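So the protein sequences, as listed, match chains A and B.
The opening position of the first sequence corresponds to residue 809 in my numbering, with each subsequent residue numbered one higher.
The opening position of the second sequence corresponds to residue 11 in my numbering, with each subsequent residue numbered one higher.
Calculated directly from the structure, the hints in this document are not laboratory data.
These figures come from a predicted structure and were not determined experimentally.
Watch out, some of these pointers could steer you wrong.
As the list claims (entries may be wrong) - In silico lysine-lysine, BS3-like type, Cα no more than 27 Å apart, as pairs:
#: 1; chain 1: A; residue 1: 864; chain 2: B; residue 2: 91
#: 2; chain 1: A; residue 1: 821; chain 2: A; residue 2: 962
#: 3; chain 1: B; residue 1: 91; chain 2: A; residue 2: 820
#: 4; chain 1: B; residue 1: 91; chain 2: A; residue 2: 962
#: 5; chain 1: A; residue 1: 1013; chain 2: B; residue 2: 91
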Amino acid sequence: MSMSTRRIEVQKKVLTKNDVIAARVRERFRERGIFAVNILGSPGSGKTSLVELTAKLVARRIRTTALSGDQATENDARRIRAAGMPALQITTGNECHLNASRIEDVLDAPELAGARLLLIENVGNLICPAAYDLGEAAKVVVLSVPEGDDKPLKYPGLFQRAELLIINKIDMLSLTDFDPEHAAAHAREVAPHIEVVSLSCRSGKGLSGWYRWLETRVPELSPLDALA
Amino acid sequence: MHELSVAAALFDWALGEARTRAPQRLVSIELEQDPLSCLNPEALRFGFEALTADTELSRVRLDFVPIEPTYRCGVCGECLKTQPAPPACSRCASPMPRLSRESSLGIRSIEVEP
């Protein structure tokens, strides 16, 4: 600082505007009894497949809606609708993440009417989406076997903010050096609180772990053993 | 590269601040950055310079100050600035305080020239 200048304390967050909108969205979810999950992960990790499978698991049990974020195309929303779940596509253009304003913009869409569970599939990316609170109740990270088991150490900012790590594509374990125990240990090293579920969206193996995680947070969901 | 979105938010704030404080000139902005902010300072600086070119903010400098991330105890609300993640709250001993939900890039101060 030069002699001719003076410093003024500010203490303000750069993304205050997003934080304020996220708090407003969270309050709207609370009023409407919606449990919102922000699903994050790399492109191709299986986020859309997880939502498709969840549609089949919960469709007749509880009103669930999906919001799918991508830079372009309606492909994911189409896939999710085909699986039986109302879905809205949010195309972000050049943006690599969803922000709270994008969620607030669609809160009154007919697809969300009566919903008790909202699955927000964020743009595929392990860095940028972590910086934006969407007003969700929980963040869930999907990490797939081909990505490698050291991702939690490489992208700690995302894993620290997540409640649950889903290790997907376990049907491919024999083709890789991926060790689920290492992945879980790495995740707990940076985020001691994190829960871990291993599954395969392709075969359905392990899906009950994901359902049980939802079941403990969404009271209207029937117990798994009550499912047909 | 979400740094451009963050730079845009910073630009909007800085423009308002510069106009409020005129005729004083905004010289620099001091930013607090924790290692879990998921932001690259050089990319943010690049985005800010691109946005401020040919504006009254074109000479404003960004300075980064490293800080520890903030964890919040879910039981007593205590804020803990530490790294790595603390195993328990230092006030009430509840396990596993969580990383604060608030965005982590903060504006600590500004430097102005009369």
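Checklist entry - Against the structure shown, which of the earlier numbered hints fail to hold, in ascending order? => result Hints 1 and 5 not satisfied by this model.
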